[in-house]
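Undergrad: One letter stands for each residue in the lines below.
2 protein chains.
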Amino acid sequence: YFILQATKLSEEQRPVLLAPVLSRGWAIVENRDAIFKNYKFENFQQAFAFMSYVALNAEKMGHHPEWFNVYNRVDITLTTHDCSGLSDRDLQLAGIADEAAGHFV
Amino acid sequence: YFILQATKLSEEQRPVLLAPVLSRGWAIVENRDAIFKNYKFENFQQAFAFMSYVALNAEKMGHHPEWFNVYNRVDITLTTHDCSGLSDRDLQLAGIADEAAGHFV
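From first to last, the protein sequence lines are chains A and B. If you read the first sequence in my numbering, its first letter stands for residue 1184, the second for the next number, and so on. If you read the second sequence in my numbering, its first letter stands for residue 1184, the second for the next number, and so on.
To be clear, the hints were calculated from the coordinates, so they are not data collected in a lab. Bear in mind that the values here come from a model prediction, so they are computed numbers and not experimental data. Beta carbons: idealized from backbone N, C-alpha and C, even for Gly. All clues stand as given, with none of them false.
Label pairs and their calculated CB-CB ranges:
no. : chain 1 : residue 1 : chain 2 : residue 2 : range
1   : B       : 1221      : A       : 1256      : 14 to 24 Å
2   : A       : 1226      : B       : 1212      : 22 to 32 Å
3   : B       : 1200      : A       : 1195      : 58 to 68 Å
4   : A       : 1200      : B       : 1205      : 39 to 49 Å
5   : B       : 1214      : A       : 1205      : 32 to 42 Å
Heads up, simulated DSS-like pairs for lysine-lysine below, C-alpha to C-alpha not over 25 Å straight-line:
no. : chain 1 : residue 1 : chain 2 : residue 2
6   : B       : 1223      : A       : 1243
7   : A       : 1220      : A       : 1191
8   : A       : 1223      : B       : 1243
9   : B       : 1191      : B       : 1243
10  : B       : 1220      : B       : 1191
11  : B       : 1243      : B       : 1220
All chains should be built: construct the whole structure from the sequences, respecting the hints.
TA: Quick look at the structure:
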């Protein structure tokens, strides 16, 4: 298989495609074309199980998060280095992360 | 099993017990009683395999890292919240992390 080059979201796409993501608790990062979200779980086991789920999918997509973890907290920032900004891959990975987190609610 | 309360390193223990850890590339964090180290791997697979190894051991010890990852990079900070500073658990977890990273050299 091969991975296509990521394409930055166009000005027309941005409001339409970002709206559902922002409504799920993601926020636009200041001074950077990126989105972030903080997740809080019950404990480290859940946080790392979440991270493992996201990691396997990220590797499969060839698109990886920037993330910080301490105990039950995971802070994720998504952006696409290939196109220096947000691409559909970030939206897809955001969806995967929210889906994964949903298993622990 | 049960986990004993962590004890902060004493002033006598610090230079002796920290020396080997510092010689392995760990550094003292400024304005905080903590140590940190940056690891760089070949790719995300290796970085996350490293994190998984550390995570399983951290959970077993009941002592967890603060860490940041992006692609092949993992930055770890260790400190012990129970005793508001460095304890022998941090030194032990630093040893485990270095051992894990050694598998990828």
